[in-house]
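Asks: Listed below are the residues making up each chain.
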Amino acid sequence: MLHIVNKSPYERNALEACLRLARPGSALLLIEDGVYAATRGNVAEASLRDAMARLKVYALRPDLEARGVAARVIDGIELVDYGGFVDLACGQPNCQSWL
Amino acid sequence: MSEADQQDEEGGGVVKKFMFVNRKAPYGTIYALEGLEVVLISAAFDQDVSLAFVDDGVYQLVKGQQTKGIEAKNFSPAYRALEGYDIEKLYVEREALEARGLAEEDLLVDVQLMSSAELGELMAAQDVVIGF
Chain A
0 MLHIVNKSPY ERNALEACLR LARPGSALLL IEDGVYAATR GNVAEASLRD
50 AMARLKVYAL RPDLEARGVA ARVIDGIELV DYGGFVDLAC GQPNCQSWL
Chain B
0 MSEADQQDEE GGGVVKKFMF VNRKAPYGTI YALEGLEVVL ISAAFDQDVS
50 LAFVDDGVYQ LVKGQQTKGI EAKNFSPAYR ALEGYDIEKL YVEREALEAR
100 GLAEEDLLVD VQLMSSAELG ELMAAQDVVI GF
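So the protein lines, in turn, are chains A and B. So for the first sequence, numbering that gives the first Met the number 0 puts the first residue at 0; every next one is plus one. So for the second sequence, numbering that gives the first Met the number 0 puts the first residue at 0; every next one is plus one.
In isolation and in its complexed conformation, chain B is listed as follows (with noise of 0.2 Å):
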């Protein structure tokens, strides 16, 4: 057992740091919403869950998605709503964000910014870190 593994209080269950990297814009590939589903479904074990928005994956928080046209499920009001699974930790590279022009204010939730050196530092301490 590492050393970041703790005990929850209820069942003596592990306690893992868990990371996913979303670096896909969210409608061209599956890939956005299905990382969000596994997002939703890793809250439900009570697991010490963060997210990172890196190159093309900061095009999911942009505000102002309407989805009509595409006739595609507007998921964005999701990331609005993890904060009510306690998952508070979202961190957004700047230089993928100012590399498209955006700005903290585009995205549609509070996020962390973090130079690459920053993010990969926190990758880095995760036990568990899955891409989508």
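This is chain A alone, in the form it adopts within the complex (with noise of 0.2 Å):
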């Protein structure tokens, strides 16, 4: 299963949600705001850290470009183009975008 969050960590609690529920061996894509959670000493970074041991965690490369933090970025996290979404949505048998 492929989940998406494009919230910020420290406006609402859809990545912490998503954390608590997905389940191990399913992937993770931060996309627009959902990218600050992707980058080193944010409030999300230890729990981002502790799911990397089960999840395959990924991040979109133009959301972190446009918003200065793309040097930033937790290692073991992969970056994605929006070919590499695509990819990501077609190879996982569903998905569910976290609001």
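No wet-lab data here; the hints were simulated from the structure. One or more hints might be untrue.
To give an idea of the chain A side of the interface with chain B (calculated C-beta under 7 Å), a few residues [stated by the list, open to error]: (1) M0; (2) A16; (3) R19; (4) L20; (5) R22; (6) N93; (7) Q95; (8) S96; (9) L98.
What the simulated footprint calls covered on chain B by chain A, stretch by stretch (three residues with Cβ under 8 Å from a Cβ of chain A suffice, anywhere in the stretch; the number is not a length) [stated by the list, open to error]: (10) 19-31; (11) 117-131.
Being a predicted model, the structure only gives us computed values, none of them experimental. Glycine included, C-beta positions come from ideal geometry on N, C-alpha and C.
Since each chain sits alone in its own frame, please combine them into the complex, following the hints.
Replies: This is the structure:
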């Protein structure tokens, strides 16, 4: 399953809920304001690092670049472009966009 | 076609497993009401529908909602009517309920309580997951 989170971890609890429910082996893609969770020193870093032991975590590079934080990405998070986004969605049986 | 797809008896249409994930409280935003509308529409298409209530979504099911004072439609009775549309799978995340000081008897409809992990498993087994 692919989980997609597009909200800042400071504004909403979408990522927190996603990490609580996502089963091991799932994929997580951070997009839009969700990419702030992929940066070093953010409030969700510890919980995201814990989750990376059981989830594969991706972030959308254009959204990181647009926000000026592409150089601050936590090690182990894989960056994808829009083509990679499509590949992720097509490569999983289902997906959930956490509002 | 996935293994979960089945043919229905009449038209040969595909029945998919739909889960609607409700994570918002009822009146502050339009999400809960819109979600309920979509659930009722989906029932008309004879799909395998379930509802999950997570985070503030559990507030949608609290007994005793009185909306006269805010001049908004009290749509909470509609959850009790879902059974009439053959929507009987209502799942509530136990952790979300407990975190808000609520218990099963505070809810206006029969639900199945599940842990976050159990609900996550169920979510992963759906054909389509739609969040509100």
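Asks: Kindly indicate which numbered hints from before are broken by the structure, ordering the numbers from low to high.
Replies: none
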